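Chains A, B, C and D, in that order, give the protein sequences.
Counting in our numbering, the first sequence runs from 1 upward without gaps.
Counting in our numbering, the second sequence runs from 1 upward without gaps.
Counting in our numbering, the third sequence runs from 1 upward without gaps.
Counting in our numbering, the fourth sequence runs from 1 upward without gaps.
No lab work stands behind these hints: they were computed from the structure.
Incorrect hints may have been included.
Said to hold, decoys possible - Straight-line alpha carbon distances no greater than 25 angstroms define the calculated DSS-like cross-link-like pairs of lysine-lysine that follow:
id	chain 1	residue 1	chain 2	residue 2
1	D	Lys22	A	Lys31
2	D	Lys332	D	Lys346
3	B	Lys285	D	Lys504
4	D	Lys251	D	Lys241
5	B	Lys51	B	Lys86
6	C	Lys267	C	Lys144
7	C	Lys216	D	Lys346
8	C	Lys118	C	Lys72
9	C	Lys216	D	Lys470
10	B	Lys285	A	Lys90
11	D	Lys470	C	Lys147
12	A	Lys126	C	Lys97
13	D	Lys227	B	Lys285
14	C	Lys147	D	Lys346
15	D	Lys373	C	Lys216
16	A	Lys90	D	Lys638
17	C	Lys97	A	Lys129
18	C	Lys69	A	Lys126
19	A	Lys129	C	Lys144
20	C	Lys216	D	Lys464
On a predicted model such as this, the values are computed, not experimentally measured, just so you know.
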Amino acid sequence: MSERPNVRIVALLCRWCSYAGADLAGVSRMKYAANVLPIKVPCSARVDPQLVLKAFSEGADGVLLAGCHPGDCHYLKGNYKALRRFQLLKKFTSQMGIEDDRLRLEWISASEGSRYADVVNDMTTKVAKLGRLNWRREIAIEA
Amino acid sequence: MKPERTKPKLAIALGATCSGCDYSLLDLGAGLLDVTDQVEIVYWPTGIDSKLEDLQAVPDRGVDLILFDGAVVNEDNLEMARLCRKKAKMLAAFGSCGAYGGIPGLINSGSPKKILLEVYQGLPTRSDKAEALNFEGEDALPKMLGQAYSLDQVVDVDVYLPGCPPPLKLVAGLLTDVLAGKAIPKGTFYASNRAVCYECKRVKENKSIDAIHRYHEIQPDPTRCLLEQGIVCLGPATRGGCDAVCCTQNQPCRGCMGALPHSEDSGAEMMSALASIMELNNENKEADYTGIFDGLNDPLGTFYTFTLPKSILGRRKVDQS
Amino acid sequence: MKTLQFFPGCSLQGFNTAYYRSAITLGNIIGYKLDEIDDWNCCGATAYFSISEERTFLANARNLALAEKKSKELTVACGACFASLSKTAKYYTDSRKLAYLMDNALKEAGMVYDGKVKVRHLLEVVFNEYPRGELAAKVVRPLKGIKMAPYYGCMIFRPVPAPIPRDALEQLIQLAGGEAIDFTAKDRCCGGMLVNNRPDVGLALVKDLLSEAQQKGSQLMITTCPLCQVNLELYQGAVNRKYGTDFKIPVIYFTQMLGYAMGASAKELMLGSELINSLPVLQGARVSKN
Amino acid sequence: MKIGVYICHCGTNIAGVVDVAKVVEFAATLPNVAVARDYKYMCSEPGQNLIGEDIRHLGLDGVVVAACSPTMHEPTFQTALSRAGANPYMLQMASIREHVSWVTSDPVEATEKAKKLVEAAISRVSLQEPLEKRRIPVKQSVLVVGGGIAGIEAALKCADAGKKVYLVEKEPSIGGHMAMFDKTFPTLDCSQCILTPKMVEVVRNENIELLDYSEVREISVHVGDFKVSIVRKPRYVDSSKCTGCAVCSTKCPGKAPDEFNLGMSKRKAIYVPFPQAVPLKAVIDRESCLYFQKNICKVCVKFCSADAIDFEQKPEELELGVGAVILATGFKPFDARRVSEYGYGKLPNVITSLEFERMTSASGPTAGKIVLKDGREPESVAIVHCVGSRNVNYNVYCSKICCMQSLKHAHLLKEHLPGVAVYDFFIDMRAAGKGYEEFYKRVMGEGTIMVRGRPAYITDVPSKPEEKGKLVLVAEDTVLSTVMRYPVDMVVLSVGLEAGEDAKELAHTFTCSRTADGFFLERHPKLAPVSTPTAGVFIAGASQGPKDIPESVAQAGAAAAEALAMMGKGYFELEPYVARIDEDLCSGCGICLDLCAYNALERIPETGLTRVVEALCQGCGACVAACPSNALDLDGFKNNQIMAELEGILA
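One chain only, chain A, in its complex shape (with noise of 0.2 angstroms):
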């Protein structure tokens, strides 16, 4: 990535393969762009649409959902309702006017850190070209 673009992108990842995914590539000290902003949460399956509105609505110009790969998430099958919620969810955002890189759901699993910061520079270097997001500016009210 030549520019630093100054977008935002917010993280959701499930502690067990994606967090420790992005830990690994911590240790592994792969070098990635600083505009991701991780989350915590237990399983990709705990994240609520709402969440990923709100993030968006707060001044996110990304969000990425991230679990384990299909028949490993660590509570059996939690991945599957994050990836049909995303699916579902994706249709609504784009109806919104949400562009299609600004959300993005992958799977990368506890050994995958390189996974992680080409993702990571992947996305930020798509959203970078979209630009800020600046959601709420455009709902202020006016008068």
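Dock chains B, C and D against the given chain A, drawing on the hints supplied.
Structure of chains B, C and D alone, referenced to chain A:
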């Protein structure tokens, strides 16, 4: 003359509304007469012969209760909302439009400008497409605001009476409380704190659905939960108080009573719930969920019919163009 | 009828038209069409390569960028082209530095490459895209009793191995009715350019291959790479002179072999155009058939 | 609300990139922050005391530690809090090492990000509530999966500690790969001789229930009480009667390749896997048994004096409840066929290291003679290292044992056939281990020719007369940097170690993950090498990664210790993260009921509303996110807490 003065003053004002809420009051039937006996209606354009001046004439905070129905989409609505706030001791967001933005709130799914043009010029039935809109002069159209707002997004609101229209027993409830001079804490909702399902008599067995059906596509079993039959019913995410009137009529709930307490966004709540139980029996590594929501072409319209302005995102992203 | 975006490379157009022609003919039989990419350039293999590998990647970046415009896949028949193209594609995704260099080079030419192209060798396509049963059903002229040496050459498996089992060619030979010898040298070096600039090394390598083929009694050698074909066939004389051997083994392409078994005419496959005519061997099969 | 904020330098790990002073200064300005400090090593004793002091003197009720990842030190600081009398769950960590200083090059960006994470932690902690760990009783029994050396060792250790142990082995006998070896490096003591006593002990020990010829079908993961269902395959021999005399197999006409000798010899349809097998009981293999195939014969029945033969035996299903699980499912040798250029499977005298082990073993197919397929003794043998290892086309990792194994083979060759010429082809000689380097020196001293180079290919095609009838290895001797041809009689391929075939399913059954190369993933590479993310499931031996015998044994001990510690405590402390339901908000819509993978949600018959069965709740929060009336919430991960963190992070 004396009792006259002691009569509490009532006004019913309108924003962007179909006035359905007003008319629904007529369902009080003879009851309405009792009301009119006990209160002095200072302003109710749809009900009695009254003019804006009548309301303006009242001293500030001179009206005990103002029911404001309708969303705020243009400068007239805004002006009226502010006037009501000024004149009212207690201001009630009356109906789903007042409380959440309601149907007019759906203009937030696009840009007001586009919608104006569509309505006033784009309509296929209009011959004079060329005619320009005038927002100036005598017969000027009120200027549109950037988007639609619920009443409490533009002025302070004391109580809420959601519903499209609000269930009569709740309206009666509010009036009785006011007449009884009962202290009503700010932000009170005249609605249930539990979801519609609590009032819905349908049998709930097993919430896991394999397909979503449009209402006309199937013959729903009148005794079983509609959602379990694959019909998108917003009951679980919607305030009760309506006695599940729609579901009782074999119609899915469309969410007019709005989000439950502690919940900011009934639409998101419902999407999450629905997606959670969809294909629930098909959770395995090979499961392919692509296209399982193809039956739901318009989540926005389906889950935010009445609540878009009050939802978390509130409106569609404004395209920079 | 699949359409395969195709990179012929210099040798298929020049010295080894037989390979190109037979590839097209085979396609007409089993159902693919070769769609040559416009304005492709040298794949940078051979000499180029050993002088500046980086240049090779840049040259290929252009080919890949061209390819990407049309499709995410690029099929190649020449082993050398396959090696250098697939290598470039792999390194583009693996190495940030090379990706950077390639992007810049392309920018100069006002082109972009997104790293999406999958480079495939024709052998792999034929093997993976068409069920063996289906292919076998098309065989009308089984090459009964012909012993063949399946020779992959070194490039199909190096450095980016094509996703096929190491006996893919054997399987194809068998379904064509032929008999594949157990050719331990099947993926060894044919000498490449060394036959010219280091004959002592190059010819020795050619000799090794031929002698195993001969000792195991193969009447035909089946290749998947034009360079191998040339080295194995053209230099048999030189090898014989140098080592006092008596090799005389025709060397043909797997496309010709399959095409022939599937009933295409020698002409359509340019069979017989070799220096060591393969037709007597192939026709030998037809005779012994009944 | 009084919050203390503590920023760790972690030496230079954090302070080297993040401007700690700035972060402290910033934190101090935030609401509810009573004190903000930094310290070189927060996890150190003085660092922890710092927190303790402030809690006592300033009466902090919330603590934010910005340091390494919570995965690393959350427990440490939680303890620090409780020691000081605060509730351990009033802690929130901001990972400014793994998530900031280690991954961000630009100090400015790093400091900014650190600030954001700290602010988020502060606004979250101010909404956190005191929580109590849940105590789940732990069953006093262990399930050990796999009867190789690691499994045996772990089983014995647990049994010696007086715990009930179920040892499951899918083969008819325990012993695993070690039972197949002849000698062990570097001490060269006989593998069987040191293993068999342990194998026998397994059956002697009354605390161990050996479930041979059995497989784990499924397991329901409930911490402290795993419900395991095991299938016992039919031996068609009544183990309680069989004496292992093996008369049956001497008489049996049915023949099949002998698995234990890797098919180098034949065994009968009814057979005892190997002389030292445990249990020493016969087993019938349906495929080669004439009775099962043609419904004839029954010779075994005639000759079995104990009349133990029972053709009617059916697969048996057992249900167990155990408190801990130790996975010791071992490895699978790399399939040498995949390296086509070495011609294994085509060239008769190219064999694998394991086959060589059987050959040199006195009880093996050749009764300990090293011979070629035609029975001749080889005059020259080549040993090839790293077959399938350290190679992008197969496995990138080093299989660790092959170097020593190859050296051992070189030695054995010299021992069995004094005159033999031995070539040892290696890439790098990795002899790290006690007495290993010495052994390497010794073998070199014995005249083995070391060739530093990986053979390009092996062929039986001679290019000069002296190569006739030989196997020719063509390799570059990288020391002489010339390509050489080595004609030999026999080639031994030192095949690498791979994760077992069933590793994938096992990982899935026991809900533990695997590394990219397929071996089981430990919870922490340094600090929890035998634990898995699933509490109560431990790993030992080569199922976690290539290992030699001493390491496997050591690891088995460690796994046993972990399991015993858990059982010794008697209860398992479960994080207090459970779903709670507000019955005044629940409408009984039932959305949540079927979502729960642990059936922790049930309908209250009287009211029709939902209730949470705390003991079963694992705290994933799937129901919480689904609940459309926000009646459900998750302790420790409440909606408002996550929202607060979100607002803080985006502030």
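Straight-line Cα separation of Lys90 of chain A and Lys638 of chain D no greater than 25 angstroms? holds, 24 angstroms
Given the proposed pairing of Lys126 of chain A with Lys97 of chain C, does the C-alpha separation stay at or below 25 angstroms? The given pair, whose Cα atoms are some 20 angstroms apart, holds under the 25 angstroms limit.
Does Lys118 of chain C pair with Lys72 of chain C here, judged by a C-alpha cut-off of 25 angstroms? Holds, at roughly 6 angstroms.
Given the hinted pair Lys332 of chain D and Lys346 of chain D, is their Cα-Cα distance within 25 angstroms? With a Cα-Cα distance of about 21 angstroms, the restraint between Lys332 of chain D and Lys346 of chain D holds, given a limit of 25 angstroms.
Would you check the hint for Lys216 of chain C and Lys470 of chain D, treating anything up to 25 angstroms between C-alpha atoms as holding? holds, 16 angstroms
Compare the distance between the alpha carbons of Lys216 of chain C and Lys346 of chain D with 25 angstroms, and conclude whether the hinted pair is satisfied. holds, 14 angstroms
For a C-alpha distance cap of 25 angstroms, please report whether Lys285 of chain B and Lys504 of chain D respect it. Measuring from Cα to Cα gives roughly 13 angstroms; hence the hint holds.
25 angstroms Cα cutoff - pair Lys147 of chain C, Lys346 of chain D: Roughly 18 angstroms between the alpha carbons, so the hint for Lys147 of chain C and Lys346 of chain D holds.
For the pair we were handed, Lys285 of chain B and Lys90 of chain A, check the Cα-Cα distance against 25 angstroms. holds, 22 angstroms
Taking only the CA atoms, is the gap from Lys227 of chain D to Lys285 of chain B under or equal to 25 angstroms? holds, 23 angstroms
Lys216 of chain C and Lys464 of chain D were given as a pair; does the straight-line alpha-carbon distance stay at or below 25 angstroms? holds, 16 angstroms
Taking only the CA atoms, is the gap from Lys373 of chain D to Lys216 of chain C under or equal to 25 angstroms? holds, 21 angstroms
Hint 19 from the earlier list is the only one contradicted by this structure; the remaining hints agree with it.
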